[in-house]
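Chemist: Input sequences plus hints: build the corresponding full structure.
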Amino acid sequence: MSGNDSTATQQSVVDDLYAESVHWHLNTGEETIHAKRMGGYWRKIKWLSAAVWIIFFIGPYFQWGERQAILFDIPNRQFHILGITVLPQDFWMLSLTLLFFALLLAVATALAGRVYCGFFCFQTVWTDVFTWLEDRLEGPPQKRRKLDEAPMSFSKARIKLTKHFLWLVVSVLTGISFVAWFYDAFDLWRDLFTIQASPVAYGTIALFTAGTYVLAGYMREQACFWLCPYARIQGVMIDKTTVVPAYDFHRGEPRGRIKKGQPEEERTTGDCVDCKMCIAVCPTGVDIRHGQQEGCIMCALCIDACDEVMEKVGRPTGLIRYESYESLETNTKPKPLYKRPRVWIYTAIMSLAVLGIVYGLTSLAPLELKAIHDRQPLFVLQSDGSIQNKYTLKILNKLTEDIPVTISAEGPEGLIMVDEQLVTTARHGKVTPRTVFLRVQKELLTAETIPVKFTVKGELDGQQLQGSRNSVFIGPKR
Amino acid sequence: MADNNPYPGENNTGHVWDDNLRELTNPPPRWWMLAFWASVIWWAVYGVLYPMWPVGHESNKGVMGWTQMDEYKKGVDEVEAVRAEFETQIKGMSAADILAAPGLSQYAVASAKVLFGDNCAACHGGGGQGGPGYPVLADDDWLYGGGIDTIQQTISMGRKGIMTAHGKILSDAEIGSLAKAIEAGDPTSDPNFTQKGCIACHGMDGKGMAVLGSANLTDGIYRFSPAEGESLLDSIVYTIKYGVNDATEPKSREAVMPAFGERLSDDDIKKLAVYVHKFGGGQ
Chain A
1 MSGNDSTATQ QSVVDDLYAE SVHWHLNTGE ETIHAKRMGG YWRKIKWLSA
51 AVWIIFFIGP YFQWGERQAI LFDIPNRQFH ILGITVLPQD FWMLSLTLLF
101 FALLLAVATA LAGRVYCGFF CFQTVWTDVF TWLEDRLEGP PQKRRKLDEA
151 PMSFSKARIK LTKHFLWLVV SVLTGISFVA WFYDAFDLWR DLFTIQASPV
201 AYGTIALFTA GTYVLAGYMR EQACFWLCPY ARIQGVMIDK TTVVPAYDFH
251 RGEPRGRIKK GQPEEERTTG DCVDCKMCIA VCPTGVDIRH GQQEGCIMCA
301 LCIDACDEVM EKVGRPTGLI RYESYESLET NTKPKPLYKR PRVWIYTAIM
351 SLAVLGIVYG LTSLAPLELK AIHDRQPLFV LQSDGSIQNK YTLKILNKLT
401 EDIPVTISAE GPEGLIMVDE QLVTTARHGK VTPRTVFLRV QKELLTAETI
451 PVKFTVKGEL DGQQLQGSRN SVFIGPKR
Chain B
1 MADNNPYPGE NNTGHVWDDN LRELTNPPPR WWMLAFWASV IWWAVYGVLY
51 PMWPVGHESN KGVMGWTQMD EYKKGVDEVE AVRAEFETQI KGMSAADILA
101 APGLSQYAVA SAKVLFGDNC AACHGGGGQG GPGYPVLADD DWLYGGGIDT
151 IQQTISMGRK GIMTAHGKIL SDAEIGSLAK AIEAGDPTSD PNFTQKGCIA
201 CHGMDGKGMA VLGSANLTDG IYRFSPAEGE SLLDSIVYTI KYGVNDATEP
251 KSREAVMPAF GERLSDDDIK KLAVYVHKFG GGQ
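Protein chains in written order, with the numbering used here: chain A, 1 to 478; chain B, 1 to 283.
Please keep in mind that the hints were generated in silico from the structure rather than gathered at the bench.
No residue lacks a Cβ here, since even glycine has one placed at the ideal position from N, Cα and C.
Hints are supplied without guarantee of correctness; some may be wrong.
Some chain A residues flagged as far from chain B (calculated, every beta-carbon gap over 10 Å) [as the list claims (entries may be wrong)]:
# : residue
1 : Gly39
2 : Phe57
3 : Arg375
Taking lysine to aspartate or glutamate and the EDC-like style, the derived pairs with C-alpha atoms no more than 20 Å apart in a straight line are [claimed, not checked]:
# : chain 1 : residue 1 : chain 2 : residue 2
4 : A       : Lys477    : A       : Glu443
5 : A       : Lys477    : B       : Asp219
6 : B       : Lys207    : A       : Asp384
7 : A       : Lys442    : B       : Glu183
8 : A       : Lys442    : B       : Asp186
Taking CB as the label site, the calculated pair distances span [said to hold, decoys possible]:
#  : chain 1 : residue 1 : chain 2 : residue 2 : range
9  : B       : Val40     : A       : Arg267    : 52 to 62 Å
10 : A       : Ile55     : B       : Val63     : 44 to 54 Å
11 : B       : Pro132    : A       : Thr435    : 24 to 34 Å
Modeler: What follows is the structure in structure tokens.
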């Protein structure tokens, strides 16, 4: 009966899954991955991409005019980026920036896999630096394992203490550098040493120090395996056309050791010599020959390792290489980029986001005006027969100095603004409220609601500044 | 569940469903267990430091001695400390001086907003827009005058104006004619206005007298706005006929501003006076 057949098929599928699960040795943290460090093309690229993070450490010390070039001044709600001051009112641009980077992540992942994970992620970069220090101090993987197992001795203690000290130095520097983006960098160092910095600053530095030390020193690949959501998100953005570090199983299988003295033409095995160098260099300890898997951060270090071995044994390089699974399986050339709709859609959204940000940054007005029409009452009849409307105007001054400003109003014929000549001081970086009364003689009103336009004008160093806002004048029902 | 474990030697718990689905004893990640125990310790320490465990009908006090009430009081003290600077200045100043000082008048407005909501808005509306039977505070038509000192006096002493009911004194025709002249904004055009003695209170020109609190009848602003469905003319006729606060006339309009002098402090009244003055009609 077909019913039995399908049950049997199901049974065998499940059994296959279990059988395969034996292969997947899951490291839940009990095993420390001691990856071998090798040189190579991708290793160089990795250092170059990691160097992006140097900006994180030195960025806060650049000055622009009188102040820090980039400063996220949270207590004053001001964000200085070079010559531009962004206030919370302009924060829609932040959403566009986030959208841009989210799409950048998506497009990079769709095209070349987890590029972010493998080359730019702070977890990868800091772990790389921490393990580099470990490698310099404790030696290559075998030596490190031996040292871990060895009983405590003076030399072991010395090496371990030095390592943890250096790790802590990097961690503390990470914490201080982070805070320096939010706090004048030079003041921060002075305040830290004179114990005058705010508890928030100390707390943040402590959290970042602990976070860096634990995540890069101990958690390492465990963070990518079990903690990081982006690892999972990027995993599902990859499809068969994505170019990823992949093992060419057509060429490699069946894998087998090189038999001494056997001529090349008599060889029955594939190109893979099963030297396991690809596993040895993997910072997350996975075997690329099992195909794409969650633990692979696509750092391409296994490509370097395999190429070096292939050169040594005289076989062509590229047994592990950047290749899409589609072209690996069908042995075809990958589809050109411009024929993939994903690329176009992502690029379009990214361009829109960039256009929005550019528009936002170029149209940042130093003076902004908001008009709030009073609702209770909407209007009042005055004893001279005029209708009066009350508005609260909010004058936002994004400059770094207080400036005197005047308000004017344009609207229906006969519009009078009470105290039009009054000068208000618009405080810098703040919103200054001002109450304004407008009056129109009742018989001059042509409609229940008539548009009016408020304009705020100021002057700084001979430069005329102004901002305006539309509102309405409301009169009795007609 | 199978009696015989079909997968011997495997780290399963012996719980097997649908022949081959089984529960394994794989450990959770180590970092997860560490975080789990750390949060248990956090919970225990928290329970020692802060009130958490039930003790009878209460909870433990916690060695930090923290209570919600203390935190609330500290918050109130902080606010009071900020306010104190302004409040001490206000104490020694007149309402007119407060109005003239930009920083203080801003403080007075911010601080009196709540006072107005609690004490005045029920009759005068949240923005001083008034309502049927209750005067508008946002316009510049005042019965007793819109100077800051007068407003302060009105709030602290209250007001109760009186207009005699004229239903028994004037004929319906006279009342109708007067009401029409008033609706047109020109009461003096009706000879009755002078002859029947209206001018005694409303003045020769019909513009009222602030001393008496009599209404200006020429500006189209009415102390008693028409009720729902009532015409302005009917409303004027009613006022003339039955008067205002006339004890001898049961249908007389009632219009009493209570005295707040005993309910509110002098400083609060000064702040309220500034607030009302700034509605837009202060003089």
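Chemist: Measuring from beta carbon to beta carbon, are Ile55(A) and Val63(B) in 44 to 54 Å?
Modeler: At roughly 46 Å between Cβ atoms, Val63(B) and Ile55(A) fall inside 44 to 54 Å, so the hint holds.
Chemist: May I ask you to check that Gly39(A) keeps its beta-carbon over 10 Å from the closest beta-carbon of chain B?
Modeler: About 32 Å separates Gly39(A) from the closest Cβ of chain B, which puts it past 10 Å; holds.
Chemist: If you draw a straight line from the CA of Lys442(A) to the CA of Asp186(B), is it 20 Å or shorter?
Modeler: Given that 20 Å is the threshold and the Cα spacing comes to 17 Å, the pair holds.
Chemist: Return holds or violated for the Cβ distance of Pro132(B) and Thr435(A) against the range 24 to 34 Å.
Modeler: At 27 Å between Cβs, range holds.
Chemist: Would you say Arg375(A) is clear of chain B, with no C-beta pair closer than or equal to 10 Å?
Modeler: violated (7 Å)
Chemist: The output says Phe57(A) does not contact chain B. Does that hold with a beta carbon cutoff of 10 Å?
Modeler: holds (27 Å)
Chemist: Does Lys442(A) pair with Glu183(B) here, judged by a C-alpha cut-off of 20 Å?
Modeler: At roughly 16 Å apart (the allowed maximum being 20 Å), Glu183(B) and Lys442(A) satisfy the hint.
Chemist: Would the hint linking Lys477(A) and Asp219(B) be met if the CA-CA limit is 20 Å?
Modeler: Roughly 19 Å separates the two Cα atoms, so the pair holds.
Chemist: Check the following: the C-beta atoms of Val40(B) and Arg267(A) are separated by a distance inside 52 to 62 Å.
Modeler: Taking Cβ atoms as reference, Val40(B) and Arg267(A) lie about 59 Å apart, which means the hint holds.
Chemist: Regarding the pair Lys207(B) and Asp384(A), is the alpha-carbon distance no greater than 20 Å?
Modeler: Given pair Lys207(B), Asp384(A) holds - Cα atoms ~12 Å apart, limit 20 Å.
Chemist: Are the Cα positions of Lys477(A) and Glu443(A) separated by 20 Å at most?
Modeler: holds (13 Å)
In this structure, the one hint that does not hold is number 3.
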